[in-house]
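> Protein chains in written order, with my numbering: chain A, 2 to 236; chain B, 2 to 236.
Note that these hints are calculated values from the structure, not bench results. Ideal Cβ positions, reconstructed from N, Cα and C, are used throughout, including at glycine. Take these hints with a grain of salt, some might be off.
Okay, the calculated bits of chain B under chain A, using three or more residues with CB under 8 Å as the criterion [unchecked claim]: (1) 67-81; (2) 127-135; (3) 150-157; (4) 165-175.
For lysine to aspartate or glutamate, the following DMTMM-like pairs were computed, each having C-alpha atoms within a straight-line distance of at most 20 Å [claimed, not checked]: (5) Lys161/B / Glu164/A; (6) Lys21/B / Asp41/B; (7) Lys170/B / Glu157/A; (8) Lys76/B / Glu85/A; (9) Lys170/A / Glu157/B; (10) Lys225/B / Asp181/B; (11) Lys233/B / Asp195/B; (12) Lys161/A / Glu157/B; (13) Lys45/B / Glu135/B; (14) Lys76/A / Glu85/B; (15) Lys161/A / Glu164/B.
Derived contacts from chain B toward chain A, CB cut-off under 8 Å, selection only [what the hints assert, rightly or not]: (16) Leu86; (17) Pro114; (18) Asn115; (19) Met118; (20) Val119; (21) Ala122; (22) Leu123; (23) Lys161; (24) Thr162.
There are 2 protein chains.
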Amino acid sequence: MEIQTKLKMEDLPLKKSIGKVVVLLSGGIDSTTLVYYMRDRGYKVYPISFYYGQKHKKELDFADLTCQKLNLSFKAFNINILRELAPSALTRKDIEVPKGIYNEETMKITVVPNRNMVFLALATAYAIGLGIREVAYAAHSGDHAIYADCRPAFIEAMRKTIELCDDSKVSLSTPFTLLDKSEIIKIGFNLGVDYSLTWSCYEGKELACGKCGTCRERLEAFEKLGKIDPIKYEG
Amino acid sequence: MEIQTKLKMEDLPLKKSIGKVVVLLSGGIDSTTLVYYMRDRGYKVYPISFYYGQKHKKELDFADLTCQKLNLSFKAFNINILRELAPSALTRKDIEVPKGIYNEETMKITVVPNRNMVFLALATAYAIGLGIREVAYAAHSGDHAIYADCRPAFIEAMRKTIELCDDSKVSLSTPFTLLDKSEIIKIGFNLGVDYSLTWSCYEGKELACGKCGTCRERLEAFEKLGKIDPIKYEG
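Chain A with its partners taken away, still in its complex shape (with noise of 0.2 Å):
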């Protein structure tokens, strides 16, 4: 019998992991970061992302430009009727976008309900029906007030439906979970994240406002990194 002492280059994997994995992108930072990062993980990454009617629309068209550069095949599906099922500030003109620091009061209208289940669930079918076993959000610290299904109890028991909805037991990975944007943004240094093509502001305005809470919050873990945002800002 032969024993082989040494792999030859043929036999190593090229990449760190040969699976795929379909993440959810919006075109902010947190998932743009996560797109980059399952990338540096060795995955083949499908991004996909949802119109829901949001006001900030155009952030799909940021997650078009992060998919182009990474050369990845980008899906945007249409879930408009989100908008008629449940109101929020950010789907309706109706009711305002609040502005100012991102506390639990004045950020409470902009919950798209239970918007993380919706997109996560029709993620997970668009996995099976590709033969994908591995779905991925970028859930982290600092929704977890605000928004109910960002917290770490409801992504776990969202992982559990999610391994029990089909034979093919498809996981839930949300790497993200206990860190802060800021954490998130040195991540995404580090991996060469190219931040000009990501889009926070909840106004879908030719600008950032700079003003509403996502747009504090995001101006915050930039400047708690001592770096620069390099997007471009009202006023």
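Position chain B relative to chain A; hints supplied.
For chain B alone, coordinates are given in the frame of chain A:
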């Protein structure tokens, strides 16, 4: 102090429950019976249906007929992207609906990946938007082998996830989990369900085919009870 010894009529609740519930209604036997059942429990019922590209979309017309009969406001939402996201014999013209007995091998192709999680996620969003704290669907024991997303383990995981997705703590009711179709029909007869206003056949033709898995299952369930299925079949 005056002690109230006798309740007056106006002190009595008019209904067994004054709750509201969103019910997933497909227009088939199980979910139609569930609408009657929840109504009988005293709930104000908000039926919700989805068009997801199913060949048997006429089931939605039947759902509508039941709602008209019971004077319920019926909402049908278009979630056609499910067909694009994940292929199935139920939604794709190029995949034939299997004929004959409802066994695991032949029926696997009728699985619409993750359909129940998608529907329940959207129904929950709808409930949250309306301030309703309960969602019901008609999972039953007959579907367990083929459809992972009808099994008790999935339902329990989903129940927990729904409870955690929003601070309003929506609960999921699945009163038929342990019943088979003939037991559901038995309940339905006691509640006066008009089964001529239901549709089950996976083919979307003028008359039910009588040959596909769901037609066979339906016919067997009526036969087991010694009852006549009031709908018309081909041939």
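> Each hint needs a verdict: does it hold in this structure or not?
Here's how the hints hold up against the structure:
1. For the stretch 67-81 of chain B, the stated coverage by chain A is satisfied: 3 residues place a CB nearer than 8 Å to a CB of that chain, which reaches the threshold of 3.
2. Look at the stretch 127-135 of chain B against chain A: 3 of its residues bring a Cβ nearer than 8 Å to a Cβ of that chain, three or more, so the hint holds.
3. Three residues within the 8 Å Cβ limit are the bar, and the stretch 150-157 of chain B against chain A gives 4, so the coverage statement holds.
4. Beta-carbon proximity to chain A at under 8 Å applies to 4 residues in the stretch 165-175 of chain B; the threshold of 3 is reached and the given coverage holds.
5. With a C-alpha separation of about 14 Å, the suggested pair lysine 161/B and glutamate 164/A falls inside the 20 Å cut-off, and the hint holds.
6. Restraint check: the Cα-Cα separation between lysine 21/B and aspartate 41/B comes to about 12 Å, which is no more than 20 Å; the hinted pair holds.
7. The suggested pairing of lysine 170/B with glutamate 157/A holds, with an alpha-carbon distance near 16 Å, which does not exceed 20 Å.
8. Between lysine 76/B and glutamate 85/A the alpha-carbon distance is near 11 Å, which keeps this suggested pair within the 20 Å criterion.
9. Under the criterion of a C-alpha separation no larger than 20 Å, the hint pairing lysine 170/A with glutamate 157/B is consistent with the structure, at around 16 Å.
10. For the hint pairing lysine 225/B with aspartate 181/B, the CA-to-CA distance comes to about 11 Å; that is within 20 Å, so the pair holds.
11. Straight-line distance between C-alpha atoms of lysine 233/B and aspartate 195/B comes to about 14 Å, which keeps the hinted pair within the 20 Å bound.
12. With a C-alpha separation of about 10 Å, the suggested pairing of lysine 161/A with glutamate 157/B holds against the 20 Å cut-off.
13. Only pairs whose Cα atoms come within 20 Å are accepted, and lysine 45/B paired with glutamate 135/B is accepted, the gap being roughly 11 Å.
14. Distance check on the hinted pair: lysine 76/A and glutamate 85/B sit about 11 Å apart at the alpha-carbon level, within 20 Å; holds.
15. Proposed proximity of lysine 161/A and glutamate 164/B is supported: the alpha carbons are some 14 Å apart, at most 20 Å.
16. A distance limit of 8 Å between C-beta atoms decides the matter here; for leucine 86/B the minimum to chain A is near 5 Å, and the interface restraint holds.
17. At about 4 Å, the closest approach between the beta carbon of proline 114/B and any beta carbon in chain A falls short of 8 Å, and the interface hint on this residue holds.
18. Given hint, asparagine 115/B at the interface with chain A, holds; its Cβ is 4 Å from that chain's nearest Cβ, closer than 8 Å.
19. With its C-beta approaching chain A no nearer than about 4 Å, methionine 118/B sits inside the 8 Å limit, and its interface hint holds.
20. For valine 119/B, the interface hint holds, the least distance from its beta-carbon to any beta-carbon of chain A being 4 Å, beneath 8 Å.
21. Taking 8 Å as the C-beta contact cut-off toward chain A, the hint placing alanine 122/B at the interface holds, the least distance being around 4 Å.
22. Taking 8 Å as the C-beta cut-off, the interface hint given for leucine 123/B holds, the closest approach to chain A being about 6 Å.
23. Satisfaction of the interface hint for lysine 161/B is found here, the shortest Cβ-Cβ separation to chain A being roughly 4 Å, below the 8 Å cut-off.
24. For threonine 162/B, the shortest C-beta to C-beta distance to chain A is roughly 4 Å, which falls under 8 Å, so the interface hint holds.
Hint compliance for this structure: every hint is met.
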